[in-house]
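> Protein sequences appear in the order of chains A and B. To convert, take the position in the first sequence, counting from 1, and add 1332; that gives our numbering. To convert, take the position in the second sequence, counting from 1, and add 1332; that gives our numbering.
No wet-lab data here; the hints were simulated from the structure. Quantities reported herein were computed from a predicted structural model and do not represent experimental measurements. All C-beta atoms in this analysis are idealised placements derived from N, C-alpha and C, irrespective of residue type, glycine included.
Simulated DEER-style distance windows between Cβ atoms: (1) B:L1383 to A:R1740: 53 to 63 Å; (2) B:K1568 to A:D1673: 48 to 58 Å; (3) B:D1673 to A:E1713: 53 to 63 Å; (4) A:K1586 to B:K1623: 16 to 26 Å; (5) A:K1586 to B:H1458: 58 to 68 Å.
The list that follows gives simulated cross-link-like pairs (lysine-lysine, BS3-like), each with its CA atoms no further than 25 Å apart: (6) A:K1420 to A:K1694; (7) B:K1623 to A:K1416; (8) A:K1336 to A:K1368; (9) A:K1586 to B:K1617; (10) B:K1432 to B:K1336; (11) A:K1564 to A:K1539; (12) A:K1623 to B:K1416; (13) A:K1569 to A:K1539; (14) B:K1586 to A:K1617.
There are 2 protein chains.
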Amino acid sequence: MKSKRNAIVGQSGGPTAVINASLYGVIIEALKNKSKIERIYGMINGIEGFLQNQFIDLGNSLTMEELELLKTTPSAYLSSCRYKLPEKFEDAVFKTLFEKFNELNIGYFYYIGGNDSMDTVSKLSHYAEKIGSDIRFIGIPKTIDNDLVLTDTTPGFGSAAKYVASTISEIILDASVYNGQSVTIVEIMGRHAGWLTAASVLSRKNKGDNPVLIYLPEVSFDFEKFLTHLKKALQKKNNVVICVSEGIKDASGKFICEYTSEAAIDKFGHKALKGCGSVLERIIKERMNIKVRSVELSINQRCSSSLISLIDHNGALEAGRQGVLAGLAGETRKMVAFTRDRINDDLTLSCSLVDVDDVCNKEKLIPNAWILDEGTNISEEFVDYALPLIQGQANIPFENGIPRFVYR
Amino acid sequence: MKSKRNAIVGQSGGPTAVINASLYGVIIEALKNKSKIERIYGMINGIEGFLQNQFIDLGNSLTMEELELLKTTPSAYLSSCRYKLPEKFEDAVFKTLFEKFNELNIGYFYYIGGNDSMDTVSKLSHYAEKIGSDIRFIGIPKTIDNDLVLTDTTPGFGSAAKYVASTISEIILDASVYNGQSVTIVEIMGRHAGWLTAASVLSRKNKGDNPVLIYLPEVSFDFEKFLTHLKKALQKKNNVVICVSEGIKDASGKFICEYTSEAAIDKFGHKALKGCGSVLERIIKERMNIKVRSVELSINQRCSSSLISLIDHNGALEAGRQGVLAGLAGETRKMVAFTRDRINDDLTLSCSLVDVDDVCNKEKLIPNAWILDEGTNISEEFVDYALPLIQGQANIPFENGIPRFVYR
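The following block holds chain A by itself, in its conformation from the complex:
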């Protein structure tokens, strides 16, 4: 490997509140290692945009002040893509990509994303091996879904979980202001893994508090059982708050949201989910004489800057830094992962490296043993796991009364 090479970084998949903290970590660590990394490029719209020559020199693009703002700006500063590389290395796209890498004298490739993005890191590193390229490919984990395997948590989850737990605790207050029975259904993101929806349990002050019913995609959903659970809950509580994951499905595997409308399919073959809360709202209206409303937490749960978890934010930043250092140390086909330590009761997250082949295209689900009461409740083990991840608040600069962000 030549002594001085360039690095390139991209962001891929859905935005989060801290994906730019990881980008910040990559940039500052790259800039610190001037002796090995000459330039740090940023792909615009990930690998898809890079294929169309969309990239910038990050060392020249941001002032020091903008770099500071990047740390707490949600969404993806470099923009994103949902682009899947072909399965076969014979496809011309691989040759094209490596020609572009070589033109730019790329020695280090850093990709911030979820399991689909790790698929990109895996394929590129295998192709590099095949053609004898010395480029290092490192994945930096990101997803609010917390569904990456071989890591204690994934940056983005802690902040989204803090948003969910805080917002549900406010919705619970709002739901109880009027006399008479009512049902509030809150729909939370999560296609196959229920981690984020389970975080709603952190809103509870005491056992038996709202949200009294929590439904995850890990357990088959049954309409009749649901109505039975609800009737039972209404015997104990006037105002029932229910949290449901967007991805709940029935025993046949049909998504509950599909009971209302056609679901679009994205490029990775995932169904774009929306509306299981509305489906449940309609069924309750049809079958029970009770006031009911549904609320979708929607994109705010992944892009809100006002409830960024400090431990999540620090983890995201550190994952970016450690990714750069791993590449510099000659590692490739690796993803930065987290392990958990406790020092005097405080959680600390340490970074390690795992084989990206063991991570990509896999999903970590909530253990069955953590799901209780016929799939309507979450265990204390989950609380012990998740509570440390929502601790602390990142300090957000304000301007003109609203959070101040950096714009590309």
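Please build the complex by placing chain B on the supplied structure of chain A, with the hints as guidance.
Chain B in isolation, oriented as in the chain A frame:
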């Protein structure tokens, strides 16, 4: 009037992030005036709950620590109602209410709410005059809609506007991460007045930025014109963010949300609105070949504690205090109102009193001159008006990673 009487306070209408700051103001000012006010009672579920003997002694119910938490707890601590007093004084409910007031030796009645609640204050004060009762009736303003007349602003609006402006600025970032054209529709609360939706203009960094189209209930909505506006906007911008008020209606007066489903009607005859964003999403899907999604800010815009405006919060607290003092000074049939002063470029709000008869059942709309570009844009006059109201952040205590609230 006997030298020592009791006071009673209630909350009515929709919750806000600062209605409990007004309640805090009432409680501390009442407790300060021990020589005149012996007890401060709180009606549970407003006048409706009080009729069923639902009330508590607030002097005994809250510890000092809980009282402090009350200041930043959103939603209505005393719970709320949407109860309209009969039009005719012959109705037995008035006699019943005043018998209950007398049983409790009530001398002062404070009601925190919007224009429907001011109708309650007006009717009770007129009835008191008719029967020769010396009870003082004072209204304390509250509504996120900012639609009360004779006051510069209404507590609740500033915080909701800060939430809207901040959240839209995050949605704008989120909306621009993928390549290709897209439309994001954000639906914001506001039945007849567009103040809160207009606050989305505060998200813009520069002229021409998103949200590029803003639709208010003050202007008739036309589907064909809307599609023309949108096509024009897409010529300038890849990712268009549109903000619409839940209450937009067509030239015939039909709510746009009614194009999808039956709208329920509440006790005051207001239609419960939901879904004009979905209606517009569907129409764009049918008529244009473009990626589109709709987001409802839903109840979080009125009950989020994470973006409470400091000036709004202080105003709410002061309105509660001044309401108590007005009653003690012998005033009745009055509402606390705000006037605006500028001291060294900083906005300060001062409290005054207005006749509640001139406020109740009226709605303040956005002036026509402030609505530009065929009803799709908001003028600088609005920005000058609204920007000072979202300044500063209230300090929220946290516990276990989420905001700490007081529960009744």
